[in-house]
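S.K.: Single-letter residue listing:
Number of protein chains: 2
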Amino acid sequence: MTSNSPIEIVALRGGHVESSHRVHAVVAGPDGDATHVFGDPERVTYPRSALKAMQALPLVETGAADRFGCTPAELALACASHEGEVFHVTGALAWLDRIGLSEAALACGPQWPRREADGADLIRAAHEPGRAHNNCSGKHTGKLCTALHLGEDPAGYVARTHPVQRRVFEAVSTLAEHDLTDAPVGIDGCSAPNPALPLSALAVAAARYAEADPARLGPVRAQACQRLMQAMQAAPEMIGGTDRVDTDLIRAFQGRVLSKTGAEGVYMLYLPERRLGVALKAEDGASRASAAAIWSVLDRLGELDGAARAALRRHCRPEIRNWDGLVTGQIDEAGCV
Amino acid sequence: MTSNSPIEIVALRGGHVESSHRVHAVVAGPDGDATHVFGDPERVTYPRSALKAMQALPLVETGAADRFGCTPAELALACASHEGEVFHVTGALAWLDRIGLSEAALACGPQWPRREADGADLIRAAHEPGRAHNNCSGKHTGKLCTALHLGEDPAGYVARTHPVQRRVFEAVSTLAEHDLTDAPVGIDGCSAPNPALPLSALAVAAARYAEADPARLGPVRAQACQRLMQAMQAAPEMIGGTDRVDTDLIRAFQGRVLSKTGAEGVYMLYLPERRLGVALKAEDGASRASAAAIWSVLDRLGELDGAARAALRRHCRPEIRNWDGLVTGQIDEAGCV
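Residue numbers (my numbering), protein chains in the order written: chain U, 20 to 356; chain P, 20 to 356.
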């Protein structure tokens, strides 16, 4: 295991470091060994949306996904922080409708689409965004599926004590081999509970998910991991959307690497063929720093071929442009310029 | 002089530190002594828009402000990072028109208004934002005034070598007693040049500006500092806008403290009665951290009375709310919870 300082990401302007970020990261294998450590591997971190692929496991494991005929696109939506593009919203609404619910059943609050053009369309149509527009609406629809399938009252499904959330916490706890009894639990942007774990535990959990070994996880969980990873690969546009880093990354790596961003500067990466998982956290929560750090980690892992670099450069090593379109700076890793 | 670690600002969720920021800050007097240091006082920092009150000095000193009959509101606009509300834009356009120019003369690029409602109004009217919408349009109009007044070709007025910028750099260099010959110079978001100086130099410059002593600065510069500070107090809505921290701070302190934010987590504060200046920089560039730090500094200076706390709490010690309006966290200084 190589142990290093945090990854330092800098914003350069006029050739001078204007601002800098520290990113903590762990690369781990499924047996629990960290292969690479940057900064503090025990930093107790809210994974936020980076946890979604694990939060979606009960949807498949309980049989709810089969019961309701969930497509790969819907399974991907369950793992997504979507941008609120039209196909995301109509996808969520159609799924809710098929299970006999409307967006009124969602606990996640209304959210404007990320892309200005999509927001402008709503304004011109004099529409307000609804709960289905929330970037987590797929995750929440998946959770409602599990409640309905098991005959549970979906009301209050975002409470920590609701069976829906108990199943999610069990999946995370088991994959990470980390007791969540005393873990900090925050309320996420979408109102679902989010547990905080050490980065090392998150990385190991991601490695076990990526490995999807029935001997380690049991056949049901292993099969669920496989199915969800395949869904993300089949419908990457659901995971983020147009010009979003996770969507572009999943497309570029064609199964070699899957990624999921989380708010406050978090990423989790899955490398199925290499049986590795990665968890990283920008100390200050900046997404420009966490996105830059995934390039840094993947580069050290030897994963950045030409196609990957071309796909990720604008997300992970972007130029900084001003209001008149002039290039005024650059995001990079310290010491790399 | 008290010397400390950087101010640590934290984002709390579920009672746990989710993210953290380091803010470097210097409080100084006009003779060059730092009274308070947090972190690295020599950190070479782009002040960005925090420099605007100094960048506006030539507008007054050259006589251009009198030549063109500039109102206090226009002088305030010259010191502003305005939000692109209707009165900001019409104010800039009327000023440009009066000096015989249109927004085509501005080098700063088009920028959407900050507030969603103002942006929505543009969309519904099928209008695109113009150069006058740029938050720096007042600063740029002021610069054009100086060129016209002195018979200089305004073309290329944002070039470092243009007389307009030479006068700005001279004012900053003299106030700070800091040679800018070899200073890093970046291109700002508005396309104007922005020099980087040590935080200590910026703080001392702010102290001298705030003191506005004709014996130290000469009568012309001292009078210009006074006039611009009075303009900011007379028209604080110009400096930022509705529900913006600088506007609310200037109103709350009624002349005791003036503030100006800069991109990438910068603030400069002016305390005229106490002859103090403050310069601070969030290491990672986060505005939530720099805003929180001005509370921390003003608190240590004993400036936060009840009225100030009430006015600044939502900017500097805000609750974090999610998409459904639930309180999920808090911004605070580490060790204060």
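Calculated from the structure, these hints are not laboratory results. Accuracy of the hints is not assured; some may be wrong.
Covered by chain P, per the in silico footprint, the following chain U stretches (three or more residues, Cβ under 8 Å) [claimed, not checked]:
(1) 35-48
(2) 93-105
(3) 170-183
A short, non-exhaustive set of chain U residues, derived as facing chain P with CB atoms under 8 Å [unchecked claim]:
(4) G51
(5) A53
(6) Y65
(7) A139
(8) I142
(9) H146
(10) G205
C-beta atoms are modelled at their ideal positions from N, C-alpha and C, and glycine is treated no differently.
S.K.: The structure should be examined with respect to each hint, and the outcome stated for every one.
M.R.: Hints and how they fare:
Check on the region 35-48 of chain U: 5 of its residues sit with their Cβ under 8 Å from a Cβ of chain P, so the three-residue criterion for coverage holds. Three residues within the 8 Å Cβ limit are the bar, and the region 93-105 of chain U against chain P gives 0, so the coverage statement is violated. Coverage of the region 170-183 of chain U by chain P is violated. Counting CB-CB distances below 8 Å, 0 residues qualify, and the rule asks for three or more. Evaluation of the U/G51 hint against chain P yields a violated restraint, the C-beta minimum of about 24 Å exceeding 8 Å.
The beta carbon of U/A53 is not positioned within 8 Å of any beta carbon in chain P (closest approach about 22 Å), and the interface hint is therefore violated. Of the supplied interface hints, the one on U/Y65 holds, with its beta-carbon coming within about 5 Å of a beta-carbon of chain P, less than 8 Å. Against a cut-off of 8 Å between C-beta atoms, the interface hint on U/A139 holds, since the closest Cβ of chain P lies about 5 Å away. The beta carbon of U/I142 comes within 5 Å of a beta carbon in chain P, closer than 8 Å, and the hint placing it at the interface holds.
A hinted interface residue such as U/H146 counts as satisfied when its beta carbon comes closer than 8 Å to some beta carbon of chain P; here the least separation is about 12 Å, so the hint is violated. At about 3 Å, the closest approach between the beta carbon of U/G205 and any beta carbon in chain P falls short of 8 Å, and the interface hint on this residue holds.
Hint compliance for this structure: hints 2, 3, 4, 5 and 9 are broken, all remaining hints hold.
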